[in-house]
Amino acid sequence: MPSGRATSLTINRLNKYFGGNHVVKDLSLTVAPGEFLVLLGPSGCGKTTGLRMIAGLEAADSGEILLGDSDVTHVLPKYRDVAMVFQSYALYPHKTVAENIGFPLKVRGIDRATMERAVREAAAQVHMVDYLDRYPRQLSGGQRQRVALARAIIRRPAVFLMDEPLSNLDAKLRGYMRAELKHMQHALGVTTVYVTHDQVEAMTLAHRVAIMDHGVLQQIGTPREVYESPANLFVAGFMGAPPMNFVRGRIEQGRFVGPGVALPVAGEAGPRDAVLGFRPEDARVVAAGAGLFDATVFAAELTGDVTLVTLTLGEDTVAIKMPKEYEADFDSRVAVDFAPARGFLFDAASGARLPAHLVRAGAA
Amino acid sequence: MSIAPRPAVHRRWLEPARIGAMSPLGGIVAYGLLGLWAAFVLFPLYWVVVTSLKLPVDVNTGPYFLPWVDFVPNLHAWRGLLVDDAGPTFRAYLNSIIIAFSSTVLCVLIGSMAAYALARIEYRPRLVSILIFVLALVGACVAVGVAGIDWRVATAVALALFVLLARALGRRFPGAVHNGDILFWIISQRILPPVVTIIPIYMMFQSVRLLDTHLALILAYTVVNLPIVVWLMYDFFTKIPIDLEESAQLDGASRFLIFFDIVLPLARPGLAATTLLVLILAWNEYVLALFLSTSRAQTMPILVAAMNAGEKGILWWTMSVVIIIMILPVILMALILQRFIARGVLLGAVKG
Ligand SMILES: Nc1ncnc2c1ncn2[C@@H]1O[C@H](COP(=O)(O)OP(=O)(O)OP(=O)(O)O)[C@@H](O)[C@H]1O
Ligand SMILES: [Mg+2]
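Just so you know, the protein sequences line up as chains H and V, in that order. The numbering of the first sequence is our numbering, which starts it at 1 and goes up by one. The numbering of the second sequence is our numbering, which starts it at 1001 and goes up by one.
If we strip away everything but chain H, and leave its shape as in the complex, we get (with noise of 0.2 Å):
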């Protein structure tokens, strides 16, 4: 668990301008000591922008950047004791990998010895002590990967960057390289951001995410809570593979109505445009009338372990999840079903959720 050198980093507020382009607006939030805080969004929202002002490498235009206790907002990022994995790993093709690894410790002039210790001791962490006198051109996309790494953690800084470094992997050296790098920051108890847009990245290795979309922090939490409960349609939208489905409607009278959806709500009398949301995984296809409104069998694919229906409902379509057995024919009409505890109702217009839920009929 955290070692006693853990720092924490806190954001306060933070801004920054390219031109007139707002690309990190106002972000405040905390990470704790020896915390892992995955950074999640599409791209072109701001993460490596905002990592990057965690670094040092671009100036923040307005806000504060605090390590533990210490303001590192105007400081140069020599002084600021983080290391960053970059996106591109960024390794020195002149240098091997030996002196790749420890060109931190040269830096501080540490003498041979221990200098050479430290390189064996991080490379072993990453299993490349058998290509210590390679160069970064004579090794593949995983093992210069694992050489940023061992970058990184052969001095312990204050906190860990890392921008996307698994994004370039193959699924299989991805899945390895996640827990590897789990253990790892589990080991060494650095404070971690880690920057992704892959959420099955960030549920796997995060203790808590962060969700930013077009500069604005949408959304912190725990994987389970915001997968279980999304704050607005983009994290509802944004997380799960597929994504949570949205059925646009109305809130009248109690009620939301939608193309052939009529449920009852409890929290909120409306009226007002809303969008009901349920996940794939927690909704089934029963027989047309059985179940909370009826739709029409669009397509259905067996993806391996499951077999996804995809259901039309007005103009919308809803995917859901079934046992791989599960066969349906093309037009027929079924029903989706799914306890109301499992929906989610939005506001339409700006995407929050409501502090509203769906009910059985007849306990309303």
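Hints listed in this document are in silico derivations from the structure and should not be mistaken for laboratory results. Cβ atoms here follow ideal geometry from the backbone N, Cα and C, with glycine treated the same way. Some hints could be false.
[Unchecked claim] The calculated lysine to any residue pairs, modelled on SDA-like cross-linking and capped at a C-alpha distance of 20 Å, are: (1) H:Lys95 with V:Ile1341; (2) H:Lys95 with V:Leu1264; (3) H:Lys95 with V:Pro1241; (4) H:Lys106 with V:Glu1246; (5) H:Lys321 with H:Leu308.
[Unchecked claim] Sample of chain V residues with no beta-carbon within 12 Å of chain H, all distances over it, derived: (6) Trp1013; (7) Leu1055; (8) Pro1073; (9) Asn1074; (10) Pro1088; (11) Phe1090; (12) Phe1101; (13) Pro1193; (14) Ile1199; (15) Leu1290; (16) Leu1332; (17) Ile1341.
Add chain V with the ligands to chain H, keeping to what the hints say.
Coordinates of chain V with the ligands only, in the frame set by chain H:
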């Protein structure tokens, strides 16, 4: 539908035998042209070598092309220049080597640092500050030259005025120049040929009593070639992924360490090419050498030119020897440096 088969002869000559190859006819044409060009370029060299081995009679009754066949080769020209006349030849040779190599080293060092700074640091000096600086400089020069004021006083006053005015007016006129403008300004120094400025340069070195010294030529060549180095190296530096430098920065390296330990090794191909170019320019420079050296600091190009003007007419055989020994160091440097002009140093730095 089938494609009509072409006559076999056509196919054999006009179409490549395999993907990525040239068609036989294309190959013949290309290699023929290249061979012609090579002969065109290499013949003068051959001619110079042959002439250096001829006696005056062979030159005057010539043209003879093949040694031992047309004429009997003789080393008299070599002996005349390197043994009988060794003093002046070797002095000029040594001068050329000292001046060209020193100025090249200086030029590449300063120029690449300037180029790196331009490539990586954003400068935006205010236009009005530059204007005030120039005015203050002119004012100081006039004060010293015309009014006879002590130069120390004039410099101090000009400096103080510059600082005060620049601070006061800087806020009022925020117009600034950017890195691109600075780069263009540096390159524009090369638009005027050095010969245009030769008289001021001459007078400047005269007033500091440096005429006919190595230092004068080294300084002059360095300044003249600096824009070329800045321009070329700027391009090479901007091609180095900035991630590498940012990573080194986070690892705790200072700017100088980053420059010498990361950037320069990666810019080596560019550095080698630039060095070679600047060396050749300095080695062959004539006009500045003509004005700034009279005897002690004379370089090879001056020696060659002087031979042209002898009362005995042009001694082609001696001239050929001079030309040969003059191109040797450049060929040597080209051979040494071309190993570094290989590509691929950046391989493995960043993914993608
Ligand atoms: N140096 C820059 N100058 C101008 N605009 C920039 C600069 N860097 C980033 N941007 C813009 O800022 C926004 C956020 O970029 P950023 O690199 O932070 O995205 P990201 O979330 O890391 O995306 P990705 O997942 O694709 O890496 C983008 O719209 C991008 O175009
Ligand atoms: Mg990014």
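* Hint numbers not upheld by this structure, sorted from lowest to highest -> none
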